[in-house]
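**Student:** Residue numbers (my numbering), protein chains in the order written: chain H, 1 to 216; chain G, 1 to 403.
Errors might be hidden in some of the hints.
Claimed, not checked - Taking beta-carbon pairs under 8 Å as the criterion, some of the chain H residues facing chain G (in silico):
#1 Phe96
#2 Arg99
#3 Gly144
#4 Ala148
#5 Gly149
#6 Glu151
#7 Pro169
Honestly, the hints are just simulated from the structure, not real lab data.
All values derive from a computational prediction rather than experimental measurement.
Just so you know, even glycine gets a beta-carbon here, dropped at the ideal spot from N, CA and C.
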Amino acid sequence: MKHLPTCTTRRPRLRSSVPAIALALLLGTGLVACGEDSADSAESGGSAEAADSLVVTDPWVRATIGSEDATMTAAFMTLDNDGDEAVTLTGASAEFAGRAELHEMAAVDGEMGMRKIDELVLEPGRGQLLQPGGHHVMLMELDGELAAGDEVELVLELSDGSEVTVTAPVKEFTEEAGHYHDHDSHDHGDDDHADEGGTKDGSKHGTKGGAGDEQP
Amino acid sequence: MNPSLGRRRLLGYVGTAVAGAAAGAGAGVVGAQALEETPAKPARSEALPRVVSPYGVHQPGVAAHPTAVTEVVALDLRPELKRSRDRESLARLMRVWTGDVESLAAGRGTPGDTAPWLAAVADLTVTVGLGPGLVGEEWGIAAPDGFARVPAMKHDRLQEEWTGGDLLLLVCGADATTVGHAVRRLVADARPFATLRWRQQGAWRGRDEQGRPQTGRNLFGQVDGSANPKPGTDLFDTTVWIDRGPWAGGTTLVVRRIRMDLPTWDELTRAEQEESVGRRLDDGAPLTGGTELSDVDLAARKDGRWVIAEEAHARRTHPSTNGGRRLFRKGANYELVGAGGESETGLIFQSFQRNLTGQFVPIQQMMDAADALNEWTTAVGSAEFAILPGFGEGEWLGHQLLA
Ligand SMILES: [Cu+2]
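Build out the structure end to end from the sequences listed, making use of the hints.
**Tutor:** Here it is as structure tokens:
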């Protein structure tokens, strides 16, 4: 992982498969997409992109079919920073969504709600769960319904300008069904939320009230 | 019989603290031991559930040592997808399942799991296959050589509810809670594409008291599977794995639900029971001598009679009786208990072979014609699946056929 070849041009990644995501792809697809010389530059500690360090696992997007407000939904996944430097997510985008934002859940005036965050910092060796009841990628102004069984692509944007493309299955999820429709437009913009690291097996942690350990 | 046996059993309970002292204490005790070279030292830690990597040339569940729980699940592709031969939907289902298999094998909930706390490290493997309705020209998916429905056997009493299917999930693991959770998530995620056809759950005792792999027993009490080719050998590879074409690394599976009539079996004397199989009941050794793993001596005669009877199961299924044909078989014992306490008992028999028509069918026909066990066994369900080749990290199940 330390000696990933890097490319100066950005390339779509994690495209060929849903579960995709991980090291093998970074090594595999990335290597193929790179020029032969650029493979060496990484060894000499050249310009590694943050995208090379970001490992995405278990992505999925909540279906909108049957929901009260089919214009918005959320994407969930596990993020890991496998590199030596901090990775900062600054946003997201998707062709099927007019707007995409990074969100967290937090208590606002005593009530749990979600709000936009400007960035999500992953320290080296740390991760962050994006899960129902916690952080997520909010997808708004959808151009159509998302049905369970569909497959979508979204792009995670990083602070150094590099990007990671994630292919995710659309799945049914009934818990907290109303949660991602009642969009709270509070725009806090504070960034101190981002330093709690998730864990790799964090899916074992509760999803309900998952924001309880956060101190926004 | 063997003085060290009692001691070894005892050591099995006291656990790992004495592992060093006990090492090598009882070499030579074989019992129903499947793997000859397994170290004789207590192996409790070996028996602890682990993560089985889902990646490789083959799906790992085929060759994996039998786990305590096996669940076989058949699904049917939704009619509209089947009518339109929707390969793209089939590919998407395979990608969703791939993500599920990766997380479940690692002990994580699946993406979107409603109860991820039920996922656990449990030797979990998920083996995926396609039924006869999804392979062939109309799907643009070449069928593996010899892949076809098993022809009717005269002893079969097949019931629709346990027969056929378009898609297979063979889920194996250390405990029923984890396996059941995995099945529910996989079936739920398949819902946009496929509906459940049947589920069959069974149990197997694949480890001895000390955690060492053993062959295991069916509900007749027989050590069952002694003659299997051993995973990792050339014999296993040529018996099981398809070696060319888009299915290379895959295999074929026949699932037979075999009802076993325990009350009438219990009426036999032990000698009659052993003669019907050709093996001893206590340790599975052939009636012609040796240990469980010794080959049966089909030429042996005593007092002018065959020691292994002509209709004994071990003779009817022996490769030399079948032109050298072999299978790799696994079993899972089932007992389906009704509301009144009556039960149906039997074996969920799984036969893996490279060529279904070339291997399984003639051996099954040889048994059907005259196997002594036919008197107490009846196939009540049957299904055939082409088992997909394995996949690597970043790849998905079936990409060799559907990409
Ligand atoms: Cu949100």
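**Student:** State for each hint whether it applies.
**Tutor:** Structure-based check of each hint:
1. Phe96: violated, 16 Å
2. Arg99: violated, 23 Å
3. Gly144: violated, 16 Å
4. Ala148: holds, 5 Å
5. Gly149: Status holds, d = 3 Å.
6. Glu151: holds, 6 Å
7. Pro169: Nearest chain G Cβ about 5 Å off; hint holds.
Of the numbered hints listed earlier, those contradicted by the structure are 1, 2, 3.
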